[in-house]
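Asks: This is what each chain is made of:
Number of protein chains: 2
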Amino acid sequence: MTTKIPARLYLSEDEIPRYWYNIRADMKEKPDPMLHPGTLKPATAADLEAVFCKEPVKQELDDTTRLIPIPEGIGEFYRAYRPAPLVRAYFLEKVLGTQAEIYYKFEGTNTSGSHKLNSAAAQAFYAKEEGLTSLTTETGAGQWGTAMAMASAFYGLDLTVFMVKVSSGQKPGRKALIETYGARLVPSPSTTTESGKKILEDDPDTGGSLGCAISEAIEKAVKTDKCRYVLGSVLNHVLLHQSIIGQEAKAALDKYGVTPDIIIGCAGGGSNFGGLIAPFMGEKLAGKSKTRFIAVEPASCPSFTRGRYAYDFGDTAKTTPLIKMCTLGNSFIPSANHAGGLRYHGMNSSLSKLYRDGYIEARAEVQTGVFDAAVRFMKAEGILPAPESAHAIKAAIDEALECKRTGEKKVILFGLTGTGYFDLSAYTDYNAKTMSDYIPTDADLEKSFASLPAVS
Amino acid sequence: MTTKIPARLYLSEDEIPRYWYNIRADMKEKPDPMLHPGTLKPATAADLEAVFCKEPVKQELDDTTRLIPIPEGIGEFYRAYRPAPLVRAYFLEKVLGTQAEIYYKFEGTNTSGSHKLNSAAAQAFYAKEEGLTSLTTETGAGQWGTAMAMASAFYGLDLTVFMVKVSSGQKPGRKALIETYGARLVPSPSTTTESGKKILEDDPDTGGSLGCAISEAIEKAVKTDKCRYVLGSVLNHVLLHQSIIGQEAKAALDKYGVTPDIIIGCAGGGSNFGGLIAPFMGEKLAGKSKTRFIAVEPASCPSFTRGRYAYDFGDTAKTTPLIKMCTLGNSFIPSANHAGGLRYHGMNSSLSKLYRDGYIEARAEVQTGVFDAAVRFMKAEGILPAPESAHAIKAAIDEALECKRTGEKKVILFGLTGTGYFDLSAYTDYNAKTMSDYIPTDADLEKSFASLPAVS
Numbered sequence: 000m001t002t003k004i005p006a007r008l009y010l011s012e013d014e015i016p017r018y019w020y021n022i023r024a025d026m027k028e029k030p031d032p033m034l035h036p037g038t039l040k041p042a043t044a045a046d047l048e049a050v051f052c053k054e055p056v057k058q059e060l061d062d063t064t065r066l067i068p069i070p071e072g073i074g075e076f077y078r079a080y081r082p083a084p085l086v087r088a089y090f091l092e093k094v095l096g097t098q099a100e101i102y103y104k105f106e107g108t109n110t111s112g113s114h115k116l117n118s119a120a121a122q123a124f125y126a127k128e129e130g131l132t133s134l135t136t137e138t139g140a141g142q143w144g145t146a147m148a149m150a151s152a153f154y155g156l157d158l159t160v161f162m163v164k165v166s167s168g169q170k171p172g173r174k175a176l177i178e179t180y181g182a183r184l185v186p187s188p189s190t191t192t193e194s195g196k197k198i199l200e201d202d203p204d205t206g207g208s209l210g211c212a213i214s215e216a217i218e219k220a221v222k223t224d225k226c227r228y229v230l231g232s233v234l235n236h237v238l239l240h241q242s243i244i245g246q247e248a249k250a251a252l253d254k255y256g257v258t259p260d261i262i263i264g265c266a267g268g269g270s271n272f273g274g275l276i277a278p279f280m281g282e283k284l285a286g287k288s289k290t291r292f293i294a295v296e297p298a299s300c301p302s303f304t305r306g307r308y309a310y311d312f313g314d315t316a317k318t319t320p321l322i323k324m325c326t327l328g329n330s331f332i333p334s335a336n337h338a339g340g341l342r343y344h345g346m347n348s349s350l351s352k353l354y355r356d357g358y359i360e361a362r363a364e365v366q367t368g369v370f371d372a373a374v375r376f377m378k379a380e381g382i383l384p385a386p387e388s389a390h391a392i393k394a395a396i397d398e399a400l401e402c403k404r405t406g407e408k409k410v411i412l413f414g415l416t417g418t419g420y421f422d423l424s425a426y427t428d429y430n431a432k433t434m435s436d437y438i439p440t441d442a443d444l445e446k447s448f449a450s451l452p453a454v455s
Numbered sequence: 000m001t002t003k004i005p006a007r008l009y010l011s012e013d014e015i016p017r018y019w020y021n022i023r024a025d026m027k028e029k030p031d032p033m034l035h036p037g038t039l040k041p042a043t044a045a046d047l048e049a050v051f052c053k054e055p056v057k058q059e060l061d062d063t064t065r066l067i068p069i070p071e072g073i074g075e076f077y078r079a080y081r082p083a084p085l086v087r088a089y090f091l092e093k094v095l096g097t098q099a100e101i102y103y104k105f106e107g108t109n110t111s112g113s114h115k116l117n118s119a120a121a122q123a124f125y126a127k128e129e130g131l132t133s134l135t136t137e138t139g140a141g142q143w144g145t146a147m148a149m150a151s152a153f154y155g156l157d158l159t160v161f162m163v164k165v166s167s168g169q170k171p172g173r174k175a176l177i178e179t180y181g182a183r184l185v186p187s188p189s190t191t192t193e194s195g196k197k198i199l200e201d202d203p204d205t206g207g208s209l210g211c212a213i214s215e216a217i218e219k220a221v222k223t224d225k226c227r228y229v230l231g232s233v234l235n236h237v238l239l240h241q242s243i244i245g246q247e248a249k250a251a252l253d254k255y256g257v258t259p260d261i262i263i264g265c266a267g268g269g270s271n272f273g274g275l276i277a278p279f280m281g282e283k284l285a286g287k288s289k290t291r292f293i294a295v296e297p298a299s300c301p302s303f304t305r306g307r308y309a310y311d312f313g314d315t316a317k318t319t320p321l322i323k324m325c326t327l328g329n330s331f332i333p334s335a336n337h338a339g340g341l342r343y344h345g346m347n348s349s350l351s352k353l354y355r356d357g358y359i360e361a362r363a364e365v366q367t368g369v370f371d372a373a374v375r376f377m378k379a380e381g382i383l384p385a386p387e388s389a390h391a392i393k394a395a396i397d398e399a400l401e402c403k404r405t406g407e408k409k410v411i412l413f414g415l416t417g418t419g420y421f422d423l424s425a426y427t428d429y430n431a432k433t434m435s436d437y438i439p440t441d442a443d444l445e446k447s448f449a450s451l452p453a454v455s
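Chains as they are written, first to last, in numbering that gives the first Met the number 0: chain A, 0 to 455; chain B, 0 to 455.
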């Protein structure tokens, strides 16, 4: 055990990074542009501003500025819960008997319980600055909805959250927390929007999906005065805001002279993974490091490992711009037995491009294996992980055990994105051995691929 | 706003205090000793070791050693989640429009969600060192049970938790978390013990109380080989372990040159309040400060403000040593409509003595007012507080508003003991305005005072 490295690698408030890191600036081959779904021409700022706030749109379309300053109005909010702990997992290393060094960046110490707050704070701030009075959004497992509710309460904005129906039923605590912060929660699909009505007409018993909830939230935003829509993942500006994770992690590791050999994150839409790896990927793209990057997704929603790299809609009702990404098709709905988040059919376009170009590895894990890793971790390190985060834990443990086998002393960094306080019914299933795994068949995927638009 | 003070007052790992602070060493008039309930003579180490672990018993009886070193085996565990944040409540100050400076010590960033882990770690460590293989305990709202489950998993001990029945029904998440850490949870009163059976015989529909659960846990401990009982509050050794809170808070405040005028904590059995104030009270007892200390208890369980200062049993079945304390009588059971913890009939003996001698103030608050304060706080500072902690928030806000009225610029420090993730049904009641207050009548208290033993 290297005693020089403390269990927590500190940054003082002064050392909190003041810039987000825009990974696209370092990519020689840029991701393909978003397309307007009608004209099939690259989406313009004007196209996007009908739905999104102005400054995030500017960030979305900026693929050349590497460092983007964090406004003081956001920095002030960040300092209420940041820096997030960067922890050396001494206890886990000991339990595993590995000579690997394991570090994790823990984003779960704020009340929303996850990294999502990093972008929620930014998006709510920009909405307020722009003079808007309300926002709409969607949430799956509830992390993003809670984060937006917190940020909207802080900046003084009305918020409506469309929550995937199956999750809103499973998680009354999330509902209570979102409502206590003053936001309105609508289980989706709902009869409050035309998209919701249409989806319910086609399938009255559907448990909903992120794609459905996005359609409803966008519809409500465009029909409401001084209102815009905010999204918690997938888009490049969200990854940009999440780069505070990687910026902090790198600043702390640099301070202690540590360079990761492997960086691991769970991936749903890609925002935490993209945010964690951003500055490290910058060094790799510049030929300055050989760090490996591993994205871990659920076997029940495998957009990297089994998706197609194609233009697709971001939502089920096919109202968004087209995004070139690894996607399972916009009609894909993950099995209801899948616990937690990471349920989105697609993946951020920059990460999709980096994956296709060989800079990122990806693997898919079944949920019983993920919960095995979660429980092993929580008994050693004390922290109850969100099921999402446990995907990264699974891969980190596997890599650490591989080091044990080969005798290599690698440095592993993973993103512990959040806590599992609202996921205890899944832990109860796991404890009772009633949790099962689900892997879509090739035929299932062929069916959802059929929803891909015919755009080359 | 003083910009010199950061939003979070940092301590590095090296600065984590290495000593607990034993406040009794500074008391010229010591608290009256525990009595053996049979002989009515001061309880000896041998008496107590039948129930408790040896080192905690030694600490329980030590009223002269001021600084007690924290063993490295506990320090190592502490470093997994400490130092706990000490936060300058800039946002709350702004919302209140007060010139008071408000600080809070936040103990909720560990997975158990509260300060209880500070003593759980210590007690589990000592049990392991002593060669025990299992422990029993009780829990009310669940914070202590969760903390003990975490600590027992870490040190490798079997644990049985008797959880107050009404709480175990209300909080399935607590049950799941405790069981995921590998502990066994038994709703109390149960039929697994003689005390439980007796209590159920007298009142088959009882929702239970901490006093009942303690009786069951002690009975199981004394009947099991290599097993002892651990308690999460009330006793002096628990306050000693919790003094890490005050030691850290003082170290951080000293570093920034800040001296509190008022220190506020919620009080059930007194462990967090006693732990928070310990080193500050030391200065007051030595005549070096004029800090005011305010304990805040629920109006539904008002042991300081309406209790008697008398010898009483710690449990309902009258099996524990007698403790001289502010007590409502061992048969007191708070109303089932009371949310959260702070449900114990008595109060730590040292704090009771300090209160009687005029060193501590106390006030009782009704729960709707407490939840008003909680929601005001969470919208400003972002943190979802436990209902227990919100008692301290209520008093801190009141004192800050008093400063606004008088124009005084006082420094207020309060203990934010934990998070409210498992208390969201109470928040739901509050949001729906179905939450009500309960204050026991004088006749109610006369009835429970009748359970006091006839010891002067």
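For the record, the hints were derived by calculation from the structure and aren't laboratory data.
Each hint should be verified, as a subset may be incorrect.
Which copy is meant is left open, so a pair is good if it fits within one copy or across any two.
As the list claims (entries may be wrong) - With a straight-line Cα cutoff of 35 Å, these simulated DSBU-like cross-link-like pairs (lysine-lysine) come out: (1) Lys254 with Lys3; (2) Lys323 with Lys40; (3) Lys225 with Lys3; (4) Lys403 with Lys446; (5) Lys289 with Lys225; (6) Lys254 with Lys323.
Asks: Look at each hint and say if it fits the structure.
Replies: To see whether the hints hold, each was checked on the structure:
1. Lys254 with Lys3: So Lys254 and Lys3 pass the 35 Å test inside a copy (12 Å) and across (24 Å) alike.
2. Lys323 with Lys40: within (13 Å within a copy, 81 Å between copies)
3. Lys225 with Lys3: Neither: 53 Å inside a copy, 38 Å across copies.
4. Lys403 with Lys446: neither (42 Å within a copy, 65 Å between copies)
5. Lys289 with Lys225: Answer is neither: 47 Å inside a copy and 53 Å across each miss the 35 Å cutoff.
6. Lys254 with Lys323: neither (37 Å within a copy, 53 Å between copies)
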